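Asker: Next come the chains, spelled out residue by residue.
2 protein chains.
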Amino acid sequence: MPEKRYLFTPGPTPVPPQVLAVLAEPVIHHRGPDFRRIYARCLDRLRDVCRTQHDVLLFTSPGSGAMESAVANLLGPGERALVLSAGNFGERWAELARAYGADVAHEALEWGAVPDADDLRRALDRSGPVKVVFLTHSETSTGVVVDLQSLAAVAKERGALVAVDAVSSVGAVPLETDAWGLDVVATGSQKALMTPPGLAFCAVSPAALAAARVGGGPRYVYDWERTRAAQEALDAPFTPAVSLVGALDVALGLILDEGLEAAFARHARLGRACREGIKAMGLELFSPDDERSAVVTAVRAPDGVDIGEVLLTLRDRHGVQLIGGQGRLKGRIFRIGHIGWFDVFDITTALAAVELVLSEAGADIERGAAVMRALEAYAAPVPV
Amino acid sequence: MPEKRYLFTPGPTPVPPQVLAVLAEPVIHHRGPDFRRIYARCLDRLRDVCRTQHDVLLFTSPGSGAMESAVANLLGPGERALVLSAGNFGERWAELARAYGADVAHEALEWGAVPDADDLRRALDRSGPVKVVFLTHSETSTGVVVDLQSLAAVAKERGALVAVDAVSSVGAVPLETDAWGLDVVATGSQKALMTPPGLAFCAVSPAALAAARVGGGPRYVYDWERTRAAQEALDAPFTPAVSLVGALDVALGLILDEGLEAAFARHARLGRACREGIKAMGLELFSPDDERSAVVTAVRAPDGVDIGEVLLTLRDRHGVQLIGGQGRLKGRIFRIGHIGWFDVFDITTALAAVELVLSEAGADIERGAAVMRALEAYAAPVPV
Numbered sequence: 008m009p010e011k012r013y014l015f016t017p018g019p020t021p022v023p024p025q026v027l028a029v030l031a032e033p034v035i036h037h038r039g040p041d042f043r044r045i046y047a048r049c050l051d052r053l054r055d056v057c058r059t060q061h062d063v064l065l066f067t068s069p070g071s072g073a074m075e076s077a078v079a080n081l082l083g084p085g086e087r088a089l090v091l092s093a094g095n096f097g098e099r100w101a102e103l104a105r106a107y108g109a110d111v112a113h114e115a116l117e118w119g120a121v122p123d124a125d126d127l128r129r130a131l132d133r134s135g136p137v138k139v140v141f142l143t144h145s146e147t148s149t150g151v152v153v154d155l156q157s158l159a160a161v162a163k164e165r166g167a168l169v170a171v172d173a174v175s176s177v178g179a180v181p182l183e184t185d186a187w188g189l190d191v192v193a194t195g196s197q198k199a200l201m202t203p204p205g206l207a208f209c210a211v212s213p214a215a216l217a218a219a220r221v222g223g224g225p226r227y228v229y230d231w232e233r234t235r236a237a238q239e240a241l242d243a244p245f246t247p248a249v250s251l252v253g254a255l256d257v258a259l260g261l262i263l264d265e266g267l268e269a270a271f272a273r274h275a276r277l278g279r280a281c282r283e284g285i286k287a288m289g290l291e292l293f294s295p296d297d298e299r300s301a302v303v304t305a306v307r308a309p310d311g312v313d314i315g316e317v318l319l320t321l322r323d324r325h326g327v328q329l330i331g332g333q334g335r336l337k338g339r340i341f342r343i344g345h346i347g348w349f350d351v352f353d354i355t356t357a358l359a360a361v362e363l364v365l366s367e368a369g370a371d372i373e374r375g376a377a378v379m380r381a382l383e384a385y386a387a388p389v390p391v
Numbered sequence: 008m009p010e011k012r013y014l015f016t017p018g019p020t021p022v023p024p025q026v027l028a029v030l031a032e033p034v035i036h037h038r039g040p041d042f043r044r045i046y047a048r049c050l051d052r053l054r055d056v057c058r059t060q061h062d063v064l065l066f067t068s069p070g071s072g073a074m075e076s077a078v079a080n081l082l083g084p085g086e087r088a089l090v091l092s093a094g095n096f097g098e099r100w101a102e103l104a105r106a107y108g109a110d111v112a113h114e115a116l117e118w119g120a121v122p123d124a125d126d127l128r129r130a131l132d133r134s135g136p137v138k139v140v141f142l143t144h145s146e147t148s149t150g151v152v153v154d155l156q157s158l159a160a161v162a163k164e165r166g167a168l169v170a171v172d173a174v175s176s177v178g179a180v181p182l183e184t185d186a187w188g189l190d191v192v193a194t195g196s197q198k199a200l201m202t203p204p205g206l207a208f209c210a211v212s213p214a215a216l217a218a219a220r221v222g223g224g225p226r227y228v229y230d231w232e233r234t235r236a237a238q239e240a241l242d243a244p245f246t247p248a249v250s251l252v253g254a255l256d257v258a259l260g261l262i263l264d265e266g267l268e269a270a271f272a273r274h275a276r277l278g279r280a281c282r283e284g285i286k287a288m289g290l291e292l293f294s295p296d297d298e299r300s301a302v303v304t305a306v307r308a309p310d311g312v313d314i315g316e317v318l319l320t321l322r323d324r325h326g327v328q329l330i331g332g333q334g335r336l337k338g339r340i341f342r343i344g345h346i347g348w349f350d351v352f353d354i355t356t357a358l359a360a361v362e363l364v365l366s367e368a369g370a371d372i373e374r375g376a377a378v379m380r381a382l383e384a385y386a387a388p389v390p391v
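Just so you know, the protein sequences line up as chains A and B, in that order.
Read in order, the letters of the first sequence correspond to residues 8 to 391 in my numbering.
Read in order, the letters of the second sequence correspond to residues 8 to 391 in my numbering.
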């Protein structure tokens, strides 16, 4: 077994030591002043990170639970919704909406496509009026980050509520909940927010809350109004994961101390460094080669190599945890995550390890170029 | 502010240092072998603690989410269910079932009553056939622990599935999932299982799983079959709270090393020590004065004292966190929890602090007797 572990997946992501340290503190009661202080600060910081003046609801839950809450609070049986997807997580919106009996128009683009405003316009022409449009900001299964602002504008034009899976994007790439008119932004603790998995969040607009108050399907723990009212009184509706909330508070403090704009620029440079290193090795990108794709870099598996075996060797012999493709992309791509507590040497480590193991597996790749090229690419500033 | 904190609430409960230490370890990927080993062991240990050969489903969720999963997986709209309650958490079953559109017969006994087999028989005579009977093993709001075995037997006689809120009882008082024919046992990490809040569990019988496969209401994250199938493959359906699972694994190991029977005996003696100390002070018990009530001791607020103020003084001046009554019991009782990582000196500390602050507040109580009486009561063995 390797002695060191390198976690380069797009969730869970590495957690800074000062965040881990908080987890080992004694558990405190969730209705006492010690916790309320942390809880209040955390909710404020979540608003800052989501760029909203409105409520960000906190759940003890996986990220998919925040997505489920959007469906459960907004869609009653038979209500019309549109899902625009181009990958595994986009398709989850359709599964969720169907599980709640919604009437789903599902515009499923090819995995890896970059859905744009025209795609959404055409889909809405076909579907007719819908109550909610479900979008995916960062499609973690393909590495694609969409132009969310223009997509949201189309949905708003047509009078729909806009719900966004931003689980892997919040804190990594620009997202403006209020300025872009996003009604629901679902995210989680274990991606760019540098906290272990177990907390999920939903930024909700007043319009979304109003719709939830008079509609939606059965729900209890994920009920928005119950959660909102409890948060307003700083009195969580159910015992929250107090240790994780304490950790999140510290992590959000680190992010906001760096500054969101600086975090976005760092992620853009990390993504660029990763793409340039991959290309320098002679590998082909699966995710788009643009500055927006700063969350995860998806790479086509080179010919003649069993990429599943390569990933196992990376993990089991070298302690380097990358991840393969999901569903129909299994065996065809591998993915390097770079969100949250990452710097350029995480990228060069990932590249060096990939280069080593791929070449040992007999892939036809260029040796010795990737790391230097990544360092150069990282050094160049981000255009403002 | 006091320097030390004493957490004497019935959840969250104190977490042993070796469990806290695990939380500070680096986050690992939930699909790698390091986590799978922990996950498999945890699921096995949960089966041992719940005394079942069948599945215990693990959710990243508050305990109420495990309860919600029972409702969502078993009850479709209009399906008939019976809730037998005698406190706040019992009533939650009725709220949950109504939220899912079930046809609920709610037998709501007075808060603090001890529902028995005759109560349930009469309630079922009135309700007619029901698909599910919802019970509360340990009613944390009142300190009552019921004779679950005899209640479950009545429900089984009538052909109903039995779903039990055992959030505060599993690991503290005897509960035999398989031997007593319990179809659903909902519990959480933050009570007798000595782990921070954030994980919840549902032990499910084959009959309950079969019913869920063909029925129930809308659900996704809490879907039993999805969770069961994923656990069978040791491949969590959504990113679990990996840090908390690691902590739980250690905590369950400590519990099983002590032995469940020894843990039950310890809790019985802790409860007895607490009750005897309270009575020695001249205070009146609200929860029953029997060996079964080993989870939380509820005490009537003495006359002429603002118990809310007393609890604030205990907390803010002395760092001793007890808890008051919920709902209609607010201002009328206070509660001392003693589940999980507790020994007799936690009881004597709680008693000494209560004695000090109540006497300062002018309550007419006996000084100097409670601690010694508690130590004596703890020393006596538990009848086999």
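Accuracy of the hints is not assured; some may be wrong.
Heads up, the list lumps identical chains together, so a pair's fine if it works in one copy or across two of them.
[What the hints assert, rightly or not] Listed below are the simulated SDA-like cross-link pairs for lysine to any residue, each with C-alpha atoms no more than 20 Å apart in a straight line:
hint : residue 1 : residue 2
1    : 337       : 38
2    : 286       : 12
3    : 11        : 41
4    : 337       : 242
5    : 163       : 133
Quick caveat, the hints were computed from the structure, so don't treat them as lab data.
For clarity, every value in this text was computed on a predicted model and none was experimentally measured.
Asker: Give a verdict on every hint.
Answerer: Each hint, compared with the structure:
1. 337 / 38: between (46 Å within a copy, 15 Å between copies)
2. 286 / 12: For residue 286 and residue 12, the Cα distance exceeds 20 Å both inside one copy (25 Å) and across copies (56 Å).
3. 11 / 41: So residue 11 and residue 41 pass the 20 Å test across copies only (12 Å; inside, 36 Å).
4. 337 / 242: For residue 337 and residue 242, only the inter-copy Cα distance (16 Å) is at most 20 Å; the intra-copy one is 44 Å.
5. 163 / 133: Within. Shortest intra-copy distance 17 Å satisfies the 20 Å Cα cut-off; inter-copy 53 Å does not.
The structure does not agree with numbered hint 2 stated previously, though it agrees with all others.
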